[in-house]
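Engineer: Protein chains in written order, with our numbering: chain Z, 1 to 93; chain H, 1001 to 1132.
Derived by calculation from the structure, the hints in this document are not laboratory data. Positions of the beta carbon are idealized from the N, C-alpha and C atoms, including for glycine. Any given hint might turn out to be false.
Some but not every residue of chain H turned toward chain Z, in silico, with C-beta under 10 Å [as the list claims (entries may be wrong)]:
{"#": "1", "residue": "Tyr1020"}
{"#": "2", "residue": "Asp1040"}
{"#": "3", "residue": "Gly1044"}
{"#": "4", "residue": "Arg1047"}
{"#": "5", "residue": "Met1048"}
{"#": "6", "residue": "Asp1091"}
{"#": "7", "residue": "Gln1093"}
Take a look at the letters that make up each chain.
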Amino acid sequence: MRERLVLSSLAEGDKHGYAMMQDIEAFAGIRLGPGTLYGAITRLEQHGWIRPVASTDRRQPYTITPSGRLHLKTALSGLQHVVKTGLARLNNA
Amino acid sequence: MNRLAGSLIRLYPAAWRKRYEAEFAAMLEEVPQGWSAVFDLLEGATRMHLSMPSFPKLALTLSLLGLGVSFTIAPRYESTTVPIYHGERSDRQAAIEGLQAMEANVLSRTSLSNLIQDPRLNLFPDESPSKT
């Protein structure tokens, strides 16, 4: 879940950690703590789904990789199917 | 609180800090500080330790594995006896010989076999002949 939030944030464009926190809070209403966010960043980088980009700032921006985009698309498509099915069943009940 | 949060970075694994410490510290300067951030950092450090290979984790894993294996091995029973001689000094040699004979008798195959198969002791229930 946290990884999907970070990938969704980076799908819009490169961001550093605090910008991701603010963006995720804005679009998902979830405030990730600093430890939680960097845990997700660590795992995503290990998978090769995000990578750091050059910066002159102390803050480190990250970008989503092509395999990260593919992973996010697959994950969200699966989620979309679950949401559609759940809503349809609720409406039919 | 800022100083506290900054010092909590030291709780993260050294290998992780080598890669992320500078940017993580830069981000902490921007994040609003509070107890929730402190607890989040503590949780994050714990999770990071658990996700990285280390000797203590390896030792714990092997210990748990050993414990698991120990349950699959048939139990061994051990007993100890301390005989105390209260007789005359002149009878000592005879007592030693008597004890040696008793030891040989107790440790004989027949005696041990009787102990193992004694239904009252029920020493190896898993290996007893099944009833058909």
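Engineer: Hint Gln1093 (chain H) vs chain Z: min CB-CB distance below 10 Å?
Structural biologist: Violated, because the Cβ-Cβ distance from Gln1093 (chain H) to chain Z comes to roughly 76 Å (cut-off 10 Å).
Engineer: May I ask you to test the interface hint for Arg1047 (chain H) with respect to chain Z, counting a Cβ-Cβ separation under 10 Å as satisfied?
Structural biologist: holds (6 Å)
Engineer: Do the numbers back the hint for Tyr1020 (chain H), that is, is its least Cβ distance to chain Z under 10 Å?
Structural biologist: For Tyr1020 (chain H), the interface hint holds, since the closest Cβ of chain Z sits about 6 Å away, which is under 10 Å.
Engineer: Going by Cβ atoms only, is Asp1091 (chain H) closer than 10 Å to chain Z?
Structural biologist: With a closest approach of 78 Å, the Asp1091 (chain H) hint is violated.
Engineer: Should the interface hint for Asp1040 (chain H) be scored as holding, given a Cβ-Cβ cut-off of 10 Å against chain Z?
Structural biologist: Where the cut-off is 10 Å and the nearest Cβ of chain Z is about 3 Å from Asp1040 (chain H), the hint holds.
Engineer: Should the hint that Met1048 (chain H) touches chain Z count as held when the rule is a Cβ pair under 10 Å?
Structural biologist: It holds, given that the least Cβ distance between Met1048 (chain H) and chain Z is near 7 Å, below 10 Å.
Engineer: Let me know if the C-beta of Gly1044 (chain H) comes in closer than 10 Å to any C-beta of chain Z, holds or violated.
Structural biologist: holds (2 Å)
Hints 6 and 7 from the list above are not met by this structure, while the remaining hints are.
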